Amino acid sequence: MALQNEELSKTIVENSAYKALVYTICIPLQLEEAGIKQLFEEMKAILFQFNMSEADKIRLKLGGREEEIYAFFLDNYENIQKHLKIDEVEKLVGQLTKFAREKGRILDFFYCLSKMNGLEEWKRRVSSEILIILEQRLENFFRKIALDQNIASEQDAEKLEKIKSFIQDFRTLPFPEEATKFLLDEVP
8 MALQNEELSK TIVENSAYKA LVYTICIPLQ LEEAGIKQLF EEMKAILFQF NMSEADKIRL
68 KLGGREEEIY AFFLDNYENI QKHLKIDEVE KLVGQLTKFA REKGRILDFF YCLSKMNGLE
128 EWKRRVSSEI LIILEQRLEN FFRKIALDQN IASEQDAEKL EKIKSFIQDF RTLPFPEEAT
188 KFLLDEVP
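Under this note's numbering, the residues of the sequence shown are numbered 8 to 195, in order.
Hints are not guaranteed to be accurate.
Derived Cβ-Cβ restraints for the label pairs, each shown as a range [unchecked claim]:
(1) S121 <-> E21: 18 to 26 Å
(2) A78 <-> I140: 18 to 26 Å
(3) C33 <-> A62: 28 to 36 Å
(4) D94 <-> K122: 18 to 26 Å
(5) E48 <-> I170: 54 to 62 Å
(6) L141 <-> G42: 51 to 59 Å
(7) E48 <-> K122: 36 to 44 Å
(8) I32 <-> N86: 32 to 40 Å
(9) R131 <-> A62: 20 to 28 Å
(10) S60 <-> R131: 50 to 58 Å
Computed list of lysine to any residue pairs in SDA-like fashion (alpha-carbon distance at most 20 Å, straight line) [to be verified]:
(11) K51 <-> A62
(12) K89 <-> A78
(13) K17 <-> V29
(14) K44 <-> N22
(15) K110 <-> E142
(16) K92 <-> G42
(17) K105 <-> L138
(18) K92 <-> R112
(19) K122 <-> K151
(20) K64 <-> Q88
(21) K151 <-> Q162
(22) K130 <-> Q162
(23) K105 <-> E75
(24) K89 <-> L138
(25) K105 <-> I93
(26) K122 <-> R112
(27) K68 <-> F79
(28) K122 <-> L138
(29) K51 <-> K68
(30) K92 <-> L69
(31) K92 <-> K110
(32) K64 <-> G42
(33) K44 <-> A62
(34) K68 <-> H90
Calculated from the structure, these hints are not laboratory results. Source: prediction; values computed, not measured. Where a beta carbon is used, it is the ideal one built from N, C-alpha and C, also for glycine.
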């Protein structure tokens, strides 16, 4: 009963606002009512934010630029998962994974993603991407070192050996066979 009253109140407010636009804009300016109707429908979410569900408010926030969406996700990932459907969350995570990778912000993104319930497939994908990026950057680092063999001190040489050892250990970690092939053999 309360839900019906709330829905009825929302409908009355929307109709009243629409009629107010018609009487204050269409009639004095002699405009077509269809144009105002289209504008009203497009602006309804903004006009009636106070009447919106949490999910609709989140969807409205997710309509901005990727940078704004990413920042909103980092601050509100718990509410996003709480109020949106799982397929909407997965779509958002897919979109933001690409953005985070391109902008070099994948670790912050993975931190938030790892705190979310479920989404195991996305967590695996993002962690795999992190490992690929790490491996690529370490390989590039070693290529640069190979080109410039000037190691200034014994301390630098020890650090270099530790890094080489880390890389070798990384390559021999006991990953599942499919993950090992994906992570190490098929690096782009």
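To see whether the hints hold, each was checked on the structure:
1. S121 <-> E21: 18 to 26 Å: violated (41 Å)
2. A78 <-> I140: 18 to 26 Å: holds (21 Å)
3. C33 <-> A62: 28 to 36 Å: Since C33 and A62 have Cβ atoms about 32 Å apart, the given range 28 to 36 Å holds.
4. D94 <-> K122: 18 to 26 Å: holds (20 Å)
5. E48 <-> I170: 54 to 62 Å: Since E48 and I170 have Cβ atoms about 59 Å apart, the given range 54 to 62 Å holds.
6. L141 <-> G42: 51 to 59 Å: holds (55 Å)
7. E48 <-> K122: 36 to 44 Å: This hint holds: roughly 37 Å between Cβ atoms.
8. I32 <-> N86: 32 to 40 Å: The hinted range 32 to 40 Å holds for I32 and N86, with Cβ atoms some 36 Å apart.
9. R131 <-> A62: 20 to 28 Å: Hint holds: Cβ distance 27 Å, inside 20 to 28 Å.
10. S60 <-> R131: 50 to 58 Å: For S60 and R131 the Cβ distance comes to about 32 Å; the hint is violated.
11. K51 <-> A62: holds (15 Å)
12. K89 <-> A78: With a Cα-Cα distance of about 18 Å, the restraint between K89 and A78 holds, given a limit of 20 Å.
13. K17 <-> V29: holds (19 Å)
14. K44 <-> N22: holds (11 Å)
15. K110 <-> E142: Cα-Cα ~18 Å, so holds.
16. K92 <-> G42: violated (33 Å)
17. K105 <-> L138: Holds: K105 and L138 sit about 15 Å apart, inside 20 Å.
18. K92 <-> R112: Violated, because 25 Å separates the two Cα atoms, which is more than 20 Å.
19. K122 <-> K151: Roughly 36 Å separates the two Cα atoms, so the pair is violated.
20. K64 <-> Q88: Holds, at about 13 Å.
21. K151 <-> Q162: holds (18 Å)
22. K130 <-> Q162: Judged against 20 Å, a Cα distance of about 38 Å means the pair is violated.
23. K105 <-> E75: holds (15 Å)
24. K89 <-> L138: Judged against 20 Å, a Cα distance of about 29 Å means the pair is violated.
25. K105 <-> I93: Cα-Cα ~19 Å, so holds.
26. K122 <-> R112: Holds - the C-alpha atoms of R112 and K122 are around 16 Å apart, at most 20 Å.
27. K68 <-> F79: holds (8 Å)
28. K122 <-> L138: holds (19 Å)
29. K51 <-> K68: holds (14 Å)
30. K92 <-> L69: holds (14 Å)
31. K92 <-> K110: Distance of about 27 Å is beyond 20 Å: violated.
32. K64 <-> G42: violated (25 Å)
33. K44 <-> A62: The hint is violated at about 24 Å.
34. K68 <-> H90: Roughly 13 Å separates the two Cα atoms, so the pair holds.
Violated hints, listed in ascending order, are 1, 10, 16, 18, 19, 22, 24, 31, 32, 33; each of the other numbered hints is respected by the structure.
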